[in-house]
Amino acid sequence: MRNSDPGRLRPDRRRKRSGDRLGAVFIRLSAGAMAVNLLMVLGLLVLIGVKGLGVFWPRSLVEIRLKDGSRIWGAVVERETVRDIDPGRTEEEGGRNGRRGFRIRVRVANRDLEGEEFLWVPEEEIAGIRVREDLVRVERAEWGDFLGRFLRLEAGGKKVTDSWGGFRKALDARDSVGPRTDEGRKEAWKAVFEVAGGETVEIPWEGILDAIRPNRMGFLEKCGFYGNRFFDFLVSEPRSSNTEGGIFPAIFGTVLMVFLMTIFVTPFGVLAAIYLREYAKDGPFVRILRIAINNLAGVPSIVFGIFGLGFFVYTLGGRIDSLFFPDRLPEPTFGTGGILWASLTLALLTVPVVIVATEEGLAAVPKSVRHGSLALGATKLETIWNVVLPGAAPGILTGVILAISRAAGEVAPLMIVGMVKMAPDLPLDGEFPFLHPERKFMHLGFHIFDLGFQSPDVEATKPLVYATTLVLVVLVLVMNLGAIALRNRLRKRNATSSV
Amino acid sequence: MKAESRRREIPGGGPPGTSKRRILKDRFARILVRLGGMGILASLLGILGYLCLEALPLLSGATVELSPSRRIPGLGPIADLLLGPYARKAVVLGRDGRIRILDLEEGRILQETPALRGEEGKGRAGHVSSGPGFSLVLPGGRIVLRRVEWARRFEEGSTKVDPLLGEETVQETGFERVISSTAVFEKEGGYAVLAQSGTDLRVVFLQRSWEINPLTEERTVRESRKVLESTGSRFLHLALNPSGTHAFGVTEDGRLCWWDLESGEAPRFHEGNLKVSALGILLGGNGLILGGPDGRLSEWFLVRKAGEDFSLLHARDFEPVEGSVRAIRAGHRNRGFLVASDTGELALYYGTTGRCLWRGHAGVQRIGALAMGPKDDAFLAGGEGGEIVRASFRAEHPEAGIGAFFGAIRYEGYDRPSYTWQSTGGSDDFEIKLSLVPLVFGTLKGTFFAMLFSIPLGILGAMFVSQFLHPGIRDLCKPLIEIMASIPSVILGFIAAVWLAPLVESGFAALLAAPVLIGILILGGGATASLLPRSFRRRFPRGFEVIPAMFLVGLGAWFAILLAPALEGSWFGGDFPGWVQETLKVPYEQRNAVIIALAMSFAVIPIIFSISEDAFANVPRSLVSASLALGASRWQTVVRVVLPTASPGIFSAVMIGLGRAIGETMIVLMATGNTPIMDWNPFNGFRTLSANIAVEIPEAPVGGTLYRTLFLSALLLFGLTFCLNTAAEVVRLRLRRRYAEL
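In order, the protein sequences belong to chains A and B.
First residue of the first sequence: 468, per our numbering; consecutive thereafter.
First residue of the second sequence: 10, per our numbering; consecutive thereafter.
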């Protein structure tokens, strides 16, 4: 019924009324408002997609010759307009004169040499830009990437090879044979490179993780490299205080925390929903309960966070510590933020989501089925357990998925109750009792906050944050789309089965 | 109704196969399920209760345990007093010029020594403004200074405390007779003295400090003597601040004056007829407390108004005590102070908030001296008859209180009352400022700007989707909005701060031009469409307007971006932030309220959209059909029939959206500067209650004032959203009932 278009009911002939013409304008404007909403979502998703996917793509390296004769090697990242400032005055003194210029941002890497990962180059200073095929990008264990021109590979001062092919072969051989070759070698190997300024730079063999010449790579080769890097990003540990490497512990922490939370939230939410739908009589108490559920859903997440800190961490955790771990005090065991407390806090936060979805699932089970079961002599429990719950399973699943997706993206309460920048140990490992509910953990959402706002060099870590953002968005998106699909199926069934 | 009938049906009249065990199981399940239902209410009430429990102690005053006065044998009239840690021992300077160490637990004198050997019985006690020690004014213009420190030793598993009397230092003032004086004992071991001559009324400032070279262990003494410009008035009271930069005095004729000791200029007077019987200096050395013979108490401090010189400001009055104020002693940890009057009344106050924490009676008439324990957990009052009154007290959150959180307060150095949040600082000078008003203001400001943007987009979008959109694309649009709701706020915050904020700064003109351009394009596009031949238009069913609209919106935004430099050039002189600063005379911050409004709309629009879409869609079709059948146009039907019917639902949508905006943490944390200022300027930042919790809680000591204040702000957030959500839910329930009737 609801789906029928009201416009169709109107006779077509009577179009000339003035109210209608003005009305058409407003209808178009409201269409515009909806279009803005849709474009906002799509735009954001596209932005995250482009920024996140572009991170690992090997950009071509260029040589920029400046008017003063010096040259820069690097990858052009972006171009932006700048406001011209009168000579002799600073921006704060109001020196802007309204003229605009352009500048480009070049990733020169070589953080140890240049001090900065990125350089801003005003366009009026550039004499020329060309792509150089012999430029090499080296991924190092320390100091981030290195850009330069390969000269030779040395072993104890003697040349091993000066061809790129030989160097690559040695690198590949090292990877396949493993680190044993390095131990057996007496003299230290090092690779010698030339940098843009003309100096030569030596990089120890062990410090080189990978080296590529992006300008010589074909499209497919680039794709392969890209896939590899993305995979590495997902499965490897972070390096150099999170500014390099992967996000595996964050993914792992998120998944484990969400899993623990599901264990707490599902029974609680389902029980409450069953109570509301199957047991409770409609009356003031149910009304109060509904208000309570709505309030639980509407209370700011930071309030849950501070409650979790005060109640779970300090009150409960402190009590557990003084009862079971008095020997470790004053060093807290449970009396500090940890994965258990975080998942409990989030369980409280997400329980309304589960209740609402479960209720919808329960409503989808037709009354006739229930009556049939009861008429055949089943108790209420048996009816619910054997008939109603299986029918409501898609609803419950929808709720759990939505709760998970909410929990995966929630950061504010977790910041307070147990997340850290860098967790030394995963909360799940081979050591008895395998799951360590008191340990701190890393979380994708917090990783984004931490990398994007608290890292020493925000500019350098921005690409990694975009990549992490993409991972989180994809995770949340997939779960939500799944939940939406499940729910739509349920609704369709609901619509056909209800009499 | 149904549940009831079923319940009667099963356990009693169940079919013959029903065993007891099954019934038992069923009962158990019923209890479990009911518990689950109660659990929801319990969690909500639990959260509320816990927040209250944590925040409540903030409002409590001081609890004081006053032990009855006792006379200690051999103790004469008391001139000055010092109290040691754990309130076990005290040091007393008697009117007879002798120093006695008391054991307060046993009530006896442990040790007795003259303040200056060889000159017993001479002199009278001098005033000490701050620091641990006694001063004694001797005839011949000499002042004796004796420092008292406390040594702890661990013995038999407990801590013992012993006073250590420092060496006797005799400071010559160069005057024949000193009529009033004050002294300061510096933490590092130096001292400063201010004294007035009895013969020519000159005032001298003497300072002596020493430094110990860490390598050679050599001690270098620095001494200075400054005779201050004469005023010709006789000072009844003098006081020095601990850093020795300012001095205060009260003259016989009731004028308050102050010296800037560093510049050495003539003293400046605050005219007025003050009656002062005692004065004290608060921790940090800025606040001066005056007590009068009529029991009145007031705080004064120096302020510097913009472009003016320092002047003394009467900051606040405190609740008066009974009788004349005899002694004032400041706390060692905060701006609290203790007052004694000649009726034997004792009172504890807190300077910043002007709160009276406790009042009581010592049981001794004439109190001559007061002492505060080093941890502000005990005090001692000494009577002029040699009585001692000991008290232990707890004032855990003296700096808190309704006035501190919500009132305008004149903080030290502020020339007018202000609402300020400044929770942590390093030194004694720092005065904790816990006004929640700027945070509430920030919350409201962020919410206001966010709603300004989100309400029209959300409601109009919902109206279009439910009333005009073709059902074929409706199923595509709604999930997209749901996805918008599911995007984690940390991502929104990050994108807003890192990508959007610089973009808006460089192209604000585009943001201004876009709505206008989009509007023109959509209206123009609509007009063009209606000019097309009818046969052509028929091919496109109505309800697909959103697709060309999306194209037009995109086009409008693109035009706006293209036009932005030109527009900025002609409107804002090519530099929008500069224009804001110079023409509007307000600061421009990159991460400002406009950014928040844009970012927060991603979180708020979906909420407003889905709830009001629900309300629109649930308007009974019969109403719509009736309106259309009577000849109203589509738009007329929507405005006159659908909108009024759905308005309670839209109201609750806005309420719930408001609740979300108020509590949003990550976006505001990341995309504003988090400066707690009160300013409606959309181009600067703010700090919200929620972001404040996230910023401050990691550094707040558990159980401390800041910790509890943050719980209070969480409670405030809880209360705000509770009201909004409850209102929304009540309205929604009523609406649902009305629909059922229609």
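What the hints contain is simulated information worked out from the structure, not anything from laboratory work.
Some hints could be false.
[Stated by the list, open to error] Derived lysine-lysine pairs resembling DSBU-like cross-links, with alpha carbons at most 35 Å apart:
no.	chain 1	residue 1	chain 2	residue 2
1	A	K959	B	K487
2	B	K131	B	K284
3	B	K384	B	K169
4	B	K235	B	K314
5	B	K314	B	K98
6	A	K834	B	K314
7	A	K748	B	K29
8	A	K748	A	K689
9	A	K689	A	K534
10	A	K518	B	K284
11	A	K748	A	K534
12	B	K131	B	K487
13	A	K534	A	K625
14	B	K384	B	K284
15	B	K131	B	K169
16	B	K487	A	K748
17	A	K626	A	K636
18	A	K834	B	K34
19	B	K196	B	K235
20	A	K834	A	K748
21	A	K834	B	K235
22	B	K98	B	K34
23	B	K594	B	K314
24	A	K748	B	K34
Here is what the structure says about each hint:
no., hint, in the structure
1, A:K959 <-> B:K487, "holds (16 Å)"
2, B:K131 <-> B:K284, "holds (30 Å)"
3, B:K384 <-> B:K169, "holds (16 Å)"
4, B:K235 <-> B:K314, "holds (28 Å)"
5, B:K314 <-> B:K98, "violated (46 Å)"
6, A:K834 <-> B:K314, "violated (77 Å)"
7, A:K748 <-> B:K29, "holds (25 Å)"
8, A:K748 <-> A:K689, "violated (64 Å)"
9, A:K689 <-> A:K534, "holds (33 Å)"
10, A:K518 <-> B:K284, "violated (72 Å)"
11, A:K748 <-> A:K534, "violated (83 Å)"
12, B:K131 <-> B:K487, "violated (93 Å)"
13, A:K534 <-> A:K625, "violated (38 Å)"
14, B:K384 <-> B:K284, "holds (32 Å)"
15, B:K131 <-> B:K169, "holds (33 Å)"
16, B:K487 <-> A:K748, "holds (33 Å)"
17, A:K626 <-> A:K636, "holds (15 Å)"
18, A:K834 <-> B:K34, "holds (23 Å)"
19, B:K196 <-> B:K235, "holds (22 Å)"
20, A:K834 <-> A:K748, "holds (16 Å)"
21, A:K834 <-> B:K235, "violated (97 Å)"
22, B:K98 <-> B:K34, "violated (68 Å)"
23, B:K594 <-> B:K314, "holds (21 Å)"
24, A:K748 <-> B:K34, "holds (21 Å)"
Consistency note: the structure conflicts with the earlier hints numbered 5, 6, 8, 10, 11, 12, 13, 21 and 22.
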